[in-house]
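Visitor: Residue-level listing of the chains:
Protein chains: 2
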Amino acid sequence: MIYLDNAATSWPKPQSVIQVMSDVIKRGCANPGRSAHSMARQADDAVFHTREVLAEFFNINDPMRIVYMPNTTYALNAAIYGVVRNGMKVATTAMEHNSVLRPLNTLQNKGIIDLVVIQPDKLGRITVQSLRKTLKKGIDLFCMTLSSNVTGVIMPVAEAGKLCKTHSITYLVDAAQGAGVIPIDVESMNIDLLAFPGHKGLLGPQGIAGLYVRDGIDIKPFIQGGTGSFSDSLFQPEIFPDILESGTLNVPGIMGLGKGVSFIRDIGISNIQLKKQHLIEILFNGLGKVSDISIYSPPPEQNSGIFAMSIQDLDSTEVGYLLDRKFGICTRAGFHCAPLAHQSLGTADRGLVRISPGYFNDETEIELTIKAIKSIVNRI
Amino acid sequence: MIYLDNAATSWPKPQSVIQVMSDVIKRGCANPGRSAHSMARQADDAVFHTREVLAEFFNINDPMRIVYMPNTTYALNAAIYGVVRNGMKVATTAMEHNSVLRPLNTLQNKGIIDLVVIQPDKLGRITVQSLRKTLKKGIDLFCMTLSSNVTGVIMPVAEAGKLCKTHSITYLVDAAQGAGVIPIDVESMNIDLLAFPGHKGLLGPQGIAGLYVRDGIDIKPFIQGGTGSFSDSLFQPEIFPDILESGTLNVPGIMGLGKGVSFIRDIGISNIQLKKQHLIEILFNGLGKVSDISIYSPPPEQNSGIFAMSIQDLDSTEVGYLLDRKFGICTRAGFHCAPLAHQSLGTADRGLVRISPGYFNDETEIELTIKAIKSIVNRI
Numbered sequence: 001m002i003y004l005d006n007a008a009t010s011w012p013k014p015q016s017v018i019q020v021m022s023d024v025i026k027r028g029c030a031n032p033g034r035s036a037h038s039m040a041r042q043a044d045d046a047v048f049h050t051r052e053v054l055a056e057f058f059n060i061n062d063p064m065r066i067v068y069m070p071n072t073t074y075a076l077n078a079a080i081y082g083v084v085r086n087g088m089k090v091a092t093t094a095m096e097h098n099s100v101l102r103p104l105n106t107l108q109n110k111g112i113i114d115l116v117v118i119q120p121d122k123l124g125r126i127t128v129q130s131l132r133k134t135l136k137k138g139i140d141l142f143c144m145t146l147s148s149n150v151t152g153v154i155m156p157v158a159e160a161g162k163l164c165k166t167h168s169i170t171y172l173v174d175a176a177q178g179a180g181v182i183p184i185d186v187e188s189m190n191i192d193l194l195a196f197p198g199h200k201g202l203l204g205p206q207g208i209a210g211l212y213v214r215d216g217i218d219i220k221p222f223i224q225g226g227t228g229s230f231s232d233s234l235f236q237p238e239i240f241p242d243i244l245e246s247g248t249l250n251v252p253g254i255m256g257l258g259k260g261v262s263f264i265r266d267i268g269i270s271n272i273q274l275k276k277q278h279l280i281e282i283l284f285n286g287l288g289k290v291s292d293i294s295i296y297s298p299p300p301e302q303n304s305g306i307f308a309m310s311i312q313d314l315d316s317t318e319v320g321y322l323l324d325r326k327f328g329i330c331t332r333a334g335f336h337c338a339p340l341a342h343q344s345l346g347t348a349d350r351g352l353v354r355i356s357p358g359y360f361n362d363e364t365e366i367e368l369t370i371k372a373i374k375s376i377v378n379r380i
Numbered sequence: 001m002i003y004l005d006n007a008a009t010s011w012p013k014p015q016s017v018i019q020v021m022s023d024v025i026k027r028g029c030a031n032p033g034r035s036a037h038s039m040a041r042q043a044d045d046a047v048f049h050t051r052e053v054l055a056e057f058f059n060i061n062d063p064m065r066i067v068y069m070p071n072t073t074y075a076l077n078a079a080i081y082g083v084v085r086n087g088m089k090v091a092t093t094a095m096e097h098n099s100v101l102r103p104l105n106t107l108q109n110k111g112i113i114d115l116v117v118i119q120p121d122k123l124g125r126i127t128v129q130s131l132r133k134t135l136k137k138g139i140d141l142f143c144m145t146l147s148s149n150v151t152g153v154i155m156p157v158a159e160a161g162k163l164c165k166t167h168s169i170t171y172l173v174d175a176a177q178g179a180g181v182i183p184i185d186v187e188s189m190n191i192d193l194l195a196f197p198g199h200k201g202l203l204g205p206q207g208i209a210g211l212y213v214r215d216g217i218d219i220k221p222f223i224q225g226g227t228g229s230f231s232d233s234l235f236q237p238e239i240f241p242d243i244l245e246s247g248t249l250n251v252p253g254i255m256g257l258g259k260g261v262s263f264i265r266d267i268g269i270s271n272i273q274l275k276k277q278h279l280i281e282i283l284f285n286g287l288g289k290v291s292d293i294s295i296y297s298p299p300p301e302q303n304s305g306i307f308a309m310s311i312q313d314l315d316s317t318e319v320g321y322l323l324d325r326k327f328g329i330c331t332r333a334g335f336h337c338a339p340l341a342h343q344s345l346g347t348a349d350r351g352l353v354r355i356s357p358g359y360f361n362d363e364t365e366i367e368l369t370i371k372a373i374k375s376i377v378n379r380i
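So the protein sequences, as listed, match chains A and B.
Read in order, the letters of the first sequence are residues 1 to 380 in our numbering.
Read in order, the letters of the second sequence are residues 1 to 380 in our numbering.
Please keep in mind that the hints were generated in silico from the structure rather than gathered at the bench.
Treat the hints with caution; some may be incorrect.
Distance condition first, Cα-Cα at most 25 Å in a straight line; then the derived SDA-like pairs of lysine to any residue [unchecked claim]: (1) B/Lys110 with A/Ala94; (2) B/Lys89 with B/Asp266; (3) A/Lys220 with B/Asp313; (4) A/Lys165 with A/Glu187; (5) A/Lys26 with B/Asp266; (6) A/Lys371 with A/Ser291; (7) A/Lys89 with A/Gln19; (8) B/Lys137 with B/Ala46; (9) B/Lys136 with B/Glu187; (10) B/Lys220 with A/Lys162; (11) B/Lys371 with A/Ser291; (12) B/Lys122 with B/Val83; (13) A/Lys110 with B/Leu107; (14) B/Lys374 with A/Ala36; (15) B/Lys220 with A/Ile243; (16) B/Lys26 with A/Asn86; (17) B/Lys110 with A/Glu187; (18) B/Lys133 with B/Asp121; (19) B/Lys26 with A/Ser38; (20) A/Lys220 with B/Leu368; (21) A/Lys371 with A/Gln343; (22) B/Lys220 with A/Asn86; (23) B/Lys289 with B/Leu368.
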């Protein structure tokens, strides 16, 4: 099997992630922040350690401003519903995932916000020019993805951050695609809210994600519940991370995530980015000149690690099916929960085949994939 | 180390839970419901299989009415915020956890609901008589715990269900304490919404929980995001489980939970209940007649597996500290995120020491604990 679906979830995981998760579930993992016994304190320490690792990784000053979330969708909903107030004007882009588009459209539909959607160019890129046109005084919140989950195109995150800072716009970045590949610095990029998954580029397990909230951002709790703090209060505490972190945490997941990020730090994120770019380049070289193939992804240096393509007018799911059944190659065909992106790219009818290599793929696997796709093309 | 904090999180886990989680993180675990390749289909199958295991366990007709949640607090928030409408009258009890009390108090504070809190008797019990007084026409929603997380007292869940059915009250049960120990049948108990954790009595890992929603209950989505279904729609689908299940699922957690519940099914839930009752009985026999000890838990047959106690007017955290440091015994001292319960029990000043044995504890461990507590009493 050749696994090329790392944009959905990364596989394999580093040995250290596998090891810590196997160990913790066996050795024991008490409930952190609740009890005071030795096993609970060990869980506490592990939970805090991962916060520190993440804070260093994203250049976040205070680890306590990182809130654990079950997945990026929850993180984005907690951010959006947490900061939106009645009458706000919110901007986003047509390249967003449904985890941003659906809450924002729901809020607009209820008359709570006024929503502006920035359109990409034909290659799915959000230009700095189009950002300048929209990100002005009057916009309260701007939500943008770090990189498209359909094409892999890296967005001008730092440029948007500057504009948001200038015009006092709260800036939410969806790092579902790209965290762990593209360096993120919440300070230099002026990011106010950063939602990130544990199980994709950060090489941790499913079931854990995070949300960074800059000090000073006015955010309401998304859920209310036990925090192990201020137990005598009938209301949610306002301190971080408790304000947004209720109920039992996924400690094995948090420990796995810590090891995933440490692995990236040890390898060097730039080496991971270079490896992905190299594999994407091989795909461009191998398939770029095949006349029946259309490529929707930008060149490697503008790309977080996705090669999106179609073969003539074949339905993408048919191509994905053939790659899996005939060649044992795992990709993701379809619409990738990003309806407006596919509209912009003109692929809303048949979808795209998304090939997303990971750090652990090698050149041979990519060459075999090129061969497989060419043989599908030749059979038409 | 003697682990007696199973009401916080159960430990150890069955061998089958440890095994499946180690395997899945190593062998690979694609993103279910998103891609169509073989590895994603395996994840799909595992996710559905656990739904079936849970449905059988709780006598739920349709497994698709079970929604995976990251923890019980999220499940309770999704249930409460999903069904509450402006002007509703909601009833609950003073024995609830902050995961119920905090959202309900927040909603009352905003003027959205009118909240009625049923008081327990001096032993923390909610009587059928007090339920009858409150659960009448005019109440829209009733939230009650299956068993107190402070004292272990089992609540009259079936009796409340009958009253709710008679008066068309939506009935939400918080099964955080007791699922996996006390048999739950959503049909015979007339439960409309059941929130349950994976990592306590069900013997699965942290990071996974569930919410059952009866067909016909009018519930709004709590979050909106990618569901892998209706990808071209900018709004949340209304089908189950997608309406309440967005973003990448915790597949290793779900597989672990499936094995945990299967373990209980194989042992027989009544044998688990009997074992816990037996261990609680040993505690009653060993400590019941010590004059400096006050016991706040009901006798074994009314108890889900908690022995809550205090020593004279010693602060509970001091006792918990001594048990841990001097004897290596893990318990939970303090207020257990249940402020009104401690008020009702008269322990809001010093808290209680909660001893919660699990299926894997043995008589020797309990005898050693009794000895340790007696030696603390003798030292005062």
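Visitor: Taking only the CA atoms, is the gap from B/Lys136 to B/Glu187 under or equal to 25 Å?
Guide: holds (21 Å)
Visitor: Below or equal to 25 Å on CA atoms is what counts here, so check A/Lys371 against A/Ser291.
Guide: At roughly 15 Å apart (the allowed maximum being 25 Å), A/Ser291 and A/Lys371 satisfy the hint.
Visitor: Can you confirm whether the C-alpha distance between A/Lys165 and A/Glu187 stays at or below 25 Å?
Guide: holds (11 Å)
Visitor: Is B/Lys220 close enough to A/Ile243, meaning Cα to Cα at most 25 Å?
Guide: Holds. B/Lys220 to A/Ile243 sits at ~23 Å (cutoff 25 Å).
Visitor: Holds or violated: A/Lys26 and B/Asp266, Cα atoms, limit 25 Å.
Guide: holds (21 Å)
Visitor: Can the restraint linking B/Lys137 and B/Ala46 be considered satisfied, given a maximum Cα separation of 25 Å?
Guide: Cα-Cα ~43 Å, so violated.
Visitor: Between B/Lys110 and A/Glu187, is the straight-line Cα distance small enough, at 25 Å or below?
Guide: violated (36 Å)
Visitor: When you check the alpha-carbon spacing of B/Lys220 and A/Asn86, does it fall within 25 Å?
Guide: With a Cα-Cα distance of about 20 Å, the restraint between B/Lys220 and A/Asn86 holds, given a limit of 25 Å.
Visitor: Is the hinted pair B/Lys374 and A/Ala36 satisfied, with a Cα-Cα distance of at most 25 Å?
Guide: Satisfied, since the Cα-Cα distance of roughly 21 Å is no more than 25 Å.
Visitor: Would the pair B/Lys289 and B/Leu368 pass a check requiring their Cα atoms to be no farther apart than 25 Å?
Guide: The given pair, whose Cα atoms are some 17 Å apart, holds under the 25 Å limit.
Visitor: Check whether the Cα positions of B/Lys133 and B/Asp121 lie no farther apart than 25 Å.
Guide: It holds: about 14 Å lies between the C-alpha atoms, which stays within 25 Å.
Visitor: Is B/Lys26 close enough to A/Asn86, meaning Cα to Cα at most 25 Å?
Guide: violated (47 Å)
Comparing the model with each numbered hint stated earlier shows that hints 1, 2, 3, 7, 8, 10, 11, 12, 16, 17, 19, 20, 21 do not hold.
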